[in-house]
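Chains as they are written, first to last, in the numbering used here: chain S, 298 to 1252; chain D, 10 to 71; chain G, 1008 to 1074.
No wet-lab data here; the hints were simulated from the structure. Predicted model, so just to flag it, every value in this text is computed and none were measured. Note that CB positions come from ideal geometry on N, CA and C, so glycine has one too.
Restraint-style ranges between C-beta atoms, simulated for each label pair:
| # | chain 1 | residue 1 | chain 2 | residue 2 | range |
| --- | --- | --- | --- | --- | --- |
| 1 | D | 56 | S | 321 | 24 to 32 Å |
| 2 | G | 1035 | S | 1051 | 26 to 34 Å |
| 3 | S | 400 | G | 1013 | 50 to 58 Å |
Residue-level listing of the chains:
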Amino acid sequence: MEAGRSPNIEILSNADLLGLEGKPGDFTAKLRLRPRYIDADKCTACGLCTKYCPKHLTDSYNEGLDITRPIHIDYPQAVPATYFIDPSACMHIQHGTCKICVPVCRSRAIDFSQKPTEREISVGAVIVAPGFGRVPDEALEKYSYGKHPDVVTSLEFERLLNPSGPFQGEVRCLSDKRHPRKIAFIQCVGSRDLGCDNGYCSSVCCMYAIKEAMVAKEHDPDCEITIYYMDLRTQGKDFDAARTRAEEQFGIRFVRSRVAEVVDWGENGLKLTYSTLDGGHHFEQFDMVVLSVGLDAPADAKKIADMTGIELNSFDFASTSTFAPLETTVKGITVAGAFQGPKDIPESVTQSSAAAALASGLIKAQRNKGIVVKDYPEEVDIADEEPRIGVFVCHCGINIGGVVDVPGVDQSVEGMEGVVYHTDSLYSCSQDAQEVLKEKIREYKLNRVVIAACSPRTHEPLFQETLRDAGLNRCLIEMVNIRDQCSWVHANEPDAATEKSKDLVRMGVAKARLLKPLPEQTVPVTKSALVIGGGIAGMTAALSLAEQGFSSVIVERNAKLGGHLLDTRYTITGGNTADLLKDVTARVKKNKLVTVLTGSELVNTSGFVGNFTSVVKSGSGKKAREQTIDHGVVIVATGARPHAPEKVLGRKLPASKKIITQLELEQRLAGRAKNRAPGSVVMIQCAGSRGDDLNYCSKSCCIDAVKNALKIKEINPDSQVVILYRDLRTYGFAEEYYRKARELGVIFVPYSLADPPRLGATSRKVEVTYDDPILGEEVTIAPDLVVLSVGMVPEGTEELSQMLKIPVNADKFFLEAHVKLRPVEMPVSGVYLCGLAHSPKPLDEIIVQAQAAAAKAAMPLVKGEVAVEPIVSHVNEDACIGCSLCASLCPYQAIEMIKVDKKRKARTIVASCKACGICASHCPTFAISMGGFTNDQIQAQIDAFGAVDDAGAKE
Amino acid sequence: MAKKSAKREGAVMVLGGGVAGVQAALDLTELGFYVYLVEKSAAIGGAMAQLDKTFPTNDCSL
Amino acid sequence: MSQEYNPKILGFLCNWCCYAAADAAGVSRFQYPPNLRTVRVMCTGRIDPLFVLKGFAAGAAGVFGGG
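Isolated chain S (complex conformation) (with noise of 0.2 Å):
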């Protein structure tokens, strides 16, 4: 978690807010620091006191599963590395006795006269994000939870699939240590309940269970596992791909029912009984029942909204409106996460982004005014010096210690050419390695660093930074990935590993003699942004940029804003779309930053972050005219467009003009018709989608069939309305809507895709003929009108994707850089993705989305330049014989031709080159070398590959 390092962010742990005060700007917030009872400065997290401590302690961090001790840390990679004393539990704090761990401590870190204390910070805007709650024990007794130790919840099955985990990644019952053959998952605990008042859905359970219900069958392929549900919401992007596999591949069995009750079956364990949509009874034996518990409003979430003045909603949690969907009801404060209502890491990590944009917009004006411009010391020129080399294995706890012979390999290292100084650590990652790190830089002068730990793709970054700390160019350090290659990947044979461990950093110590400091290079940005597509998202994140104060050119390719919006008329929560429409248009025309270029479309971009430029074509025909457009960062907007299905559930679809699709259907209700809401309807979900035509479910039919639903009910109380779906997806807090529709005579049925409803069509009627699971028997019926919930398809997305090098996923979607971590961010630097074109979703993701990549698109403007990382390739010109072979070759265009005193030379154009060292590889004199990647180091590795063997050391 890189933020423990940034000097930027304070992090105030242990910490409770007790007021605030004041306005958007000028809030004064009152914390209470609540004592460790540890020194940090002083704590250099070694664990003796854990060991020492006498009393025992159920081990939250592993969901009670583990005890652990008073005096502890919850995880060896925690932020802050500081060990904590829970006072609850310590026999001094409660008692007066004790105090084994004061003599105990090394550092003597440990002081029990720490009081809480109190502090006011000045901020100019809040965010709210305290995540979760558990939902009540109530919800989970019938399942006899808290009765049968095999009754889990699944963040407690979390852990046992955790290699840190109690049973270090063996999924066991807590019972009597066994492996479970068979596990059941129960869904919707806690969740669509209305026992215990929460009657939404939390939108991630789902998907959760098919995700731990696969890792434990790569666990134990053998064990058999149900999934007891209602509805699969898997209606995330791609997520029913996984649902598909979790089925097909890993033999996951889905059982559609409710379930009564899990009681305690003796020697078979435990007794699960559910009851099917006909009416059936049915019970079932099982090793182990993992409860997938929903998220429940924060347990401090009445606190929080007395703190700050927030409302919250009838859930506990944050207030907020479709149309400003991080806004709570006090300006300057926003909410991310699953306090806003239930949802996954990737909208998280969405909203918190979006949040940080309001925030930005809110106080641009102080902008830089607080921040630390972090210092480094300058660098030391080693260019004369001999290498001297330090090298650090890591242990990575058991990750690496409990396969490989760590010592042994750090002791293999001794006496090898340029070592001055080698050791093993726990943690080489941890804060206070770090520390230790620099120190022995310092101490024996270290001017190369080995460090055979994980791999570089994740934490070079984190000892680079060390490096810089110490004085070092970050260049002079090789990592030699012992971990995710090496003990991981052999665990059953510990010689051949800690073998293999030897080798590879004995090849990483030959190429590290031979690192050169390589230098920092920055390149300036062009302080705008271009904007594809005019629609609902665009307009918002050039919007939400203008507020952070910098302007951007929006490119729509129709005459008019508001792409899909258009279409639309109210949202399920009884927004008028129409009228955000009107408003965020005028705001768009009237704000002096954006440029609207409607009619218009791009014709090509070229360059990289921070200097791209554009054509874009305006007008048709003789009309037309191009223009050129230079800009820093690009936010691909380009929306989707509701799909004309030929197939629907099967079946070639039949013409009629009784069979429309919702949107259609949503703008007829909006209109003054006489008969809009006719006397019976039929609502046919996923058609064309999941399966017909296109694989995938777009998230928001169901909450859009469920809307119309209301709005037929609501002009025609009388109207019959039938639903024929699959999963109703009303995820969230839309489930409310599917509650009410139900109350109101709405009648849902759901079906199969081995046994679809029929569609026919003469010319006056149409009629729909389906099995109904609860009567058991076949019905058709001749509605007045039949509504297609037909889905979303991309527009255009391939013509850009080749235009921008940016990738797409099977369903034409753009792929974004990572599902998870960067959500709206794409592979190539300096572009953007929101709105429907990343996938198909609701008015207020889309919306949350926009102001995300505006934030994302944002930070190379604030910044002002774009570092390179030194690692691109550098062409001796002396060398260079102009052949420009390398130019040809290289896939980036990274490579320009020059005139160098009239001879041609090659150059690399730093900011657009990827490292790739094509050019190195086939330059026929050698003149381009690879920064960390020359022909000496990578000749020296492969040599040091072969020494062992010529020594004839080996055998």
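With chain S's structure known, arrange chains D and G on it following the hints.
For chains D and G alone, coordinates are given in the frame of chain S:
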């Protein structure tokens, strides 16, 4: 310490040190603001630090 | 042990795909034979044919390029 007494401009308070709070804090620093990350427990990370793997990349969640 | 055929393979792995995949294999705890010794490169395009020859000269039983 100076920063305790001085009234700081350009700061944002983020309440909650889970994945949402941490991400907001990181983004705010990138946008040029100082962040107070207020967490009620002893360490930041929230629920995500407890997860084993995350779908679909199965990355270690830390 | 010395009688067993235990070849050493030298691998050049692309940072973005094969090296990443090898990391992912580790995260998923896939087990595979411990004969490979790897050199990370930023792209398989970096692999000069010379590296392959050098690898064999250094005693590799096989050279693997993963990208």
